[in-house]
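As given, the protein sequences belong to chains C and F, one line each in that order. Numbered by the numbering used here, the letters in the first sequence go through residues 825 to 1375 in order. Numbered by the numbering used here, the letters in the second sequence go through residues 1214 to 1313 in order.
For the record, the hints were derived by calculation from the structure and aren't laboratory data. Built from N, CA and C at the ideal position, the CB exists for glycine as well. Don't take each hint at face value.
Unchecked claim - Quick look at which bits of chain C chain F covers, simulated, 3 or more residues with Cβ under 8 angstroms:
id, region
1, 1007-1018
2, 1045-1052
3, 1074-1086
4, 1148-1162
5, 1217-1226
6, 1355-1361
Claimed, not checked - Partner residues aside, some chain C positions facing chain F, computed with beta carbon under 7 angstroms:
id, residue
7, F926
8, M943
9, F944
10, N1060
11, S1114
12, R1117
13, R1120
14, G1131
15, L1303
Unchecked claim - DEER-style ranges, computed between Cβ atoms:
id, chain 1, residue 1, chain 2, residue 2, range
16, C, Q1251, F, P1267, 51 to 61 angstroms
17, C, K1084, F, W1269, 19 to 29 angstroms
18, F, L1256, C, V1334, 47 to 57 angstroms
19, F, P1267, C, Q1344, 53 to 63 angstroms
20, C, V1341, F, G1252, 28 to 38 angstroms
21, C, V1334, F, V1248, 20 to 30 angstroms
22, C, Q1344, F, Q1217, 17 to 27 angstroms
23, F, P1277, C, G1056, 16 to 26 angstroms
24, C, L1240, F, P1267, 49 to 59 angstroms
As a plain string of letters, each chain reads:
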Amino acid sequence: MRTAAAAVVAVWLMGAGARAADLAAGAGRAPTDTTAIVMFAGFVLLTLGITAWAARRTRTASDFYAAGGSITGFQNGVAISGDFMSAASFLGISAMVYAAGFDGLLYSIGFLVGWPIIMFLMAERLRNLGRYSLADVASYRLSAVPVRSFAAVSSLVVVAFYLIAQMVGAGQLIQLLFGLPYSSAVLIVGVLMILYVTFGGMIATTWVQIIKAVLLLLGATYMAFAALAHFGFSINALFDAAVAAHPRKAAILSPGLQFKNPISTVSLGVALMFGTAGLPHILMRFFTVSDAREARKSVFWATSFIGYFYILTFVIGFAAISMVGQDPAYVTKGAVHGGSNMVAIHLADAVGGGVLKGFVSAVAFATILAVVSGLTLAGAAAVSHDLYASVVMRGRLTEGREVVVSRVATVVLGVLAIGLGLAFEKQNVAYMVGLAFAVAASANFPVLLLNMYWRRFNTTGAVLGGWLGLVSAVALTVLSPGIWVKVLGNHAAVFPYDNPALFSMPLGFVGCWLGSVLTQNSPQARTEAARYEGLYVRSQTGIGAEGAVSH
Amino acid sequence: MDDQASARLRASPAFMELERSRGALGLGLTAAILVIYFGFVGLVAFAPGVAGTPVWGTMTLGFPLGLGVILSAIVLTGVYVLRANGSFDALTRQVVEEAR
């Protein structure tokens, strides 16, 4: 069975299977698409201009990590939706709907429902407690060195797996969309990302994300409406045509083509829902708005745009089943030209010709660029703000030095990402995004949540639970079919389910509880419980927060 | 803020009202989205046949339910923002004033 957690990535990464489909379809590297390249060049010029503008406004650490708290709730909401409308969502989910029909919906919904949880339990408190990184919140009342070390490592693990998946996906996708060689695609993405983040910090990263989100929403809206118009705006006509065209016929309207094991399906649901609430590059965005009120607004706008976008991708995927799947211009003997990830691009061509296809390809490239920039910034914050400034230098670092260190960290991470992108070119990296979500749900989420809600939570609990969640999520993923069988070539998986979150997240919580309860009478634990008072009042009111409401 | 000040603040009626109303709304809405989402995932995982029942032409039950989950996520966050922008912010301002 296909690795459920990884399937969406597998589809868009065009791993080994899709490569084979590629060759079967007789399509090597795509011919150079001039329209797409010209449009992409326009995007790059515009965003570099914004970076130059942002660079003049990026002086302090707060500017660099958090755009000086100057982003409005609406802008932040669009930027957050941009982080979620990745190439994986757009091309991957439409490809999954194209292949498996109904089951594609599960991913979209899972990605979306993390947002209400963030809104109801976390957004305002995060804004009131944090400054630049997740670890700020976690170490608010707990012992800084062990908690920051854990939070930084766990953030870096999430960022690294996410980043590798994006870089490899970028290389393979751009090779197909633009006809550029894999290595130059990875280099272009890496260099542009370093420029945006190093010079423009969070201000540039946010605006790059906003511009791309607007372009992607416009493109996807046009595609979905044009496709619906093709079916006379009748959703049943769309379904009928899809059922007639798909080899599995009416089965595409029921669950089960993609996700066959119920425990795996539920476990994936847990990872998607709670993983979102532990992703460092996403939660970092809450520090870019001025107060809790704006943080709330950003979640509402983000949820609305992401929800709308997923409805669009669903229409696009279903329309593609008949409009792309039956057209010999795009499909030969059941194999989509360029791999199944290309269905959305082919549909753009079908409904809007070469210009729309070029536009959508350029936006897909821009999407990867914007997402990797946000990831790199979150990674740089973990390295410079948490590991270097707090753990190595024990807080004895001037703010100016910290910004320099974070810029150096950005360049190092960017070079590393390019290197990893090149190194993993031929590897199956399909499990990586699923793993990133599982780690976020099992390690970051329990520590963050309990720190904000449970008085008796202490450093021992955070360290035990955090590491237990991190290690178990990684270990169970290694033992799952996605790595144990598909990457390592063993016959049967030790851990039978595709996503570990259903087991590793409770382990994280149990570790947090056990560590806290066992040491609750130690002097340190008592001090930390006493400090909860101050944390609680600040989390509720924002008094004393960065850029606080009390002015 | 020192411990005495936060203790005084916690005992203020405005703070307790903020704490109570926001806590109740947050937990209630969290419970609602958990039930909606895991109800949907559970149905799809354990009773795929039910989700695959045609309800309108060829359209099966799963589609309106899935769309309903997406829309309820948007509506519930909207409800929270409406409530919060009204009463919570007013209470927060009151607490902040008292803290001066």
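Hint-by-hint comparison with the structure:
no.: 1; hint: 1007-1018; result: violated (count 0)
no.: 2; hint: 1045-1052; result: violated (count 0)
no.: 3; hint: 1074-1086; result: holds (count 7)
no.: 4; hint: 1148-1162; result: violated (count 0)
no.: 5; hint: 1217-1226; result: violated (count 0)
no.: 6; hint: 1355-1361; result: holds (count 4)
no.: 7; hint: F926; result: 6 angstroms, holds
no.: 8; hint: M943; result: 5 angstroms, holds
no.: 9; hint: F944; result: 4 angstroms, holds
no.: 10; hint: N1060; result: 4 angstroms, holds
no.: 11; hint: S1114; result: 13 angstroms, violated
no.: 12; hint: R1117; result: 6 angstroms, holds
no.: 13; hint: R1120; result: 5 angstroms, holds
no.: 14; hint: G1131; result: 5 angstroms, holds
no.: 15; hint: L1303; result: 22 angstroms, violated
no.: 16; hint: C:Q1251 with F:P1267: 51 to 61 angstroms; result: 43 angstroms, violated
no.: 17; hint: C:K1084 with F:W1269: 19 to 29 angstroms; result: 27 angstroms, holds
no.: 18; hint: F:L1256 with C:V1334: 47 to 57 angstroms; result: 28 angstroms, violated
no.: 19; hint: F:P1267 with C:Q1344: 53 to 63 angstroms; result: 56 angstroms, holds
no.: 20; hint: C:V1341 with F:G1252: 28 to 38 angstroms; result: 32 angstroms, holds
no.: 21; hint: C:V1334 with F:V1248: 20 to 30 angstroms; result: 24 angstroms, holds
no.: 22; hint: C:Q1344 with F:Q1217: 17 to 27 angstroms; result: 25 angstroms, holds
no.: 23; hint: F:P1277 with C:G1056: 16 to 26 angstroms; result: 20 angstroms, holds
no.: 24; hint: C:L1240 with F:P1267: 49 to 59 angstroms; result: 52 angstroms, holds
Going through the hint list in order, the structure does not satisfy hints 1, 2, 4, 5, 11, 15, 16, 18.
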